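Trainee: Here are the chains, one letter per residue:
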Amino acid sequence: MIWLDTLAQGILLGGLYALFAAGLSLVFGIMRLVNLAHGDLIVLGAYVILVMVSVTGLNPFLAATLALPVMFGFGMLLQTHLFNRVLGEDILPPLLVTFGLSVVLQNVLLETFSADSQKLSMGPVEAVGVPLGPVTLGLVPLATLGCAVAVIAALNLLFYRTKLGRAFRATSDDATTVQLMGIYPARIFSVATGIALMVATLAALYLGARANFDPTIGPARLLYAFEAVIIGGLGSLWGTLAGGLVIGVAQATGAAIRPEWQILAGHAAFVAVLLFRPRGLFPRAND
Amino acid sequence: MSAPLLSVRGLTAFYGDFQALFGVDLDLARGGCVAIIGANGAGKTTLMRTICGIARAGQGEILLDGAPIHGLPAPEVLRRGVAMVPEGRKLFPSLSVEENLQIGAHERRGNGAWTLETIYDLFPVLRERRRNPGTALSGGQQQMVAIGRALMSNPEVLLCDEISLGLAPVVIRDIYAAVPRIREAGTAILVVEQDIGQALKIADHVHCMMEGRVTLSGRPSELSREAIHDAYFGVTHDLA
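First to last, the protein sequences are chains A and B.
Under the working numbering, the letters of the first sequence match residues 713 to 999, in that order.
Under the working numbering, the letters of the second sequence match residues 47 to 286, in that order.
Hint data in this document are derived by calculation from the structure and do not stem from the laboratory.
The reader is advised that the hints may include incorrect statements.
Listed below are the simulated DMTMM-like cross-link pairs for lysine to aspartate or glutamate, each with C-alpha atoms no more than 25 Å apart in a straight line [unchecked claim]:
| # | chain 1 | residue 1 | chain 2 | residue 2 |
| --- | --- | --- | --- | --- |
| 1 | A | K875 | B | D241 |
| 2 | B | K136 | A | D886 |
| 3 | A | K875 | B | E144 |
| 4 | B | K136 | A | E801 |
| 5 | A | K875 | B | E122 |
| 6 | B | K136 | B | D241 |
Facing chain A, according to a computed beta carbon distance under 10 Å, are these residues of chain B, among others [stated by the list, open to error]:
| # | residue |
| --- | --- |
| 7 | A85 |
| 8 | G117 |
| 9 | E122 |
| 10 | M198 |
| 11 | S199 |
No experiment lies behind these values; they were computed from the predicted model shown.
Idealized CB from N, CA, C, for every residue including glycine.
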């Protein structure tokens with residue numbers, strides 16, 4: 713029974729990691745950009761929701777709907793005026809710029825909000841448990857997993873059923889030839905980063921609802937997100953969900969054996985998957 | 047004589063310090079077909095890439111229906127009515143055959159002749175294989191997708207860069223069989239071709255390029271085999 717509960721908790725935790733990773737996977741899949749500031753952008757999203765809650769008095773879920781367009785716009789601006797300037801054949805400049813952005817974001821958040829831990833209070837819903845057979849699951853963790861599945865399903869629909877998604881995939885394949893189709897790759901990249909930051913904002917909502925956050929926790933969220941993306945297979949959205957679940961279950965299992973093994977077990981699972989499947993569980997056929 | 051649809055005047059282009067085009071002139075009439083022939087490195091592909099906006103133009107001008115398109119980015123050149131079939135086909139591996147065609151209509155110009163249905167009528171084999179990945183097709187079928195993709199924007203000018211490269215003669219014949227139908231639909235064609243016989247067969251006018259310059263121009267019926275041979279290979283006759 714304990715193991716069943718551990719598995720269930722691991723899957724729910726994996727949902728949060730999949731949300732962390734979905735935006736990173738989207739950006740990498742389209743423009744081959746490894747955004748080292750992704751974790752800090754999630755934390756920024758949490759603070760934007762916190763500000764919306766403070767200003768409007770709304771519930772964090774409703775406040776997040778206000779934060780989504782703000783973060784979309786910020787993502788577009790970031791891509792247009794910063795990342796697009798350094799994208800090219802050389803992978804080093806974008807890595808350095810996103811690393812620099814990570815440092816800047818952390819310091820701006822420290823200056824603005826101090827190092828005090830914050831939380832997005834959901835109210836009584838935080839204590840609601842849903843009995844499912846032999847285990848009882850928290851409503852917020854269940855909502856987190858549901859949101860992760862919905863986000864990845866929605867991104868898949870966007871990618872494979874819409875004109876914009878077709879342009880995303882074509883731009884990812886060949887950013888020069890796509891210009892002959894009337895598409896500006898820089899604009900596609902900006903929209904993609906805008907969408908990625910909307911996904912990061914949803915991740916921030918559940919991060920803030922489930923745990924405390926402060927300006928310095930971004931890099932650790934990036935690490936989990938990065939591991940989920942690699943385990944799933946670079947650029948594969950459903951693979952990213954699977955990657956998040958693998959890390960979540962591994963961490964929950966590690967914690968069940970010895971609490972201090974939680975984080976170690978997640979990283980060990982990452983290394984183990986890479987040993988046997990270097991391209992991840994679900995690599996894209998044309999990568 | 048009516049004004050040309052596409053007019054190139056004194057066009058130069060550079061790759062860094064290396065000059066690839068030296069004052070190229072050419073005209074393409076509405077619904078016409080002009081062929082550029084020449085050996086490897088003659089500047090044919092550079093000329094096409096410069097017209098469509100992928101490569102930066104130097105001096106000179108490119109006019110489409112009298113309006114300058116010189117120096118515009120490739121997406122804007124497409125919007126004005128110039129579509130390109132690039133050398134090597136360059137299909138998108140992530141997209142199916144039908145999606146490769148559909149993305150050609152991303153910036154569709156008006157309600158022209160070219161739709162998925164008319165492309166499938168032009169190349170019926172693509173209808174059967176529309177769900178396949180574009181890059182899973184044979185070379186000839188991929189070339190049909192590349193031509194169809196370019197036509198989907200309903201261009202006034204279709205630039206075709208080496209569309210017979212690496213294909214079997216029977217496949218080349220099938221692909222060039224589509225040219226009259228494309229012209230009937232009102233689309234003018236500028237084609238780069240290494241196969242001199244094919245170029246002379248389809249074009250109203252032929253230009254031969256050598257080291258970035260047009261060294262011979264004329265109607266196919268006016269050009270002797272010797273003149274073409276000499277221009278193509280850069281042969282000079284010592285009269286002394």
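Trainee: Now tell me if each hint is right for this structure.
Mentor: Hints and how they fare:
1. A/K875 x B/D241: 37 Å, violated
2. B/K136 x A/D886: Within the cut-off at roughly 8 Å; holds.
3. A/K875 x B/E144: 12 Å, holds
4. B/K136 x A/E801: 18 Å, holds
5. A/K875 x B/E122: It holds: about 19 Å lies between the C-alpha atoms, which stays within 25 Å.
6. B/K136 x B/D241: 21 Å, holds
7. A85: 25 Å, violated
8. G117: 14 Å, violated
9. E122: 8 Å, holds
10. M198: 9 Å, holds
11. S199: Where the cut-off is 10 Å and the nearest Cβ of chain A is about 7 Å from B/S199, the hint holds.
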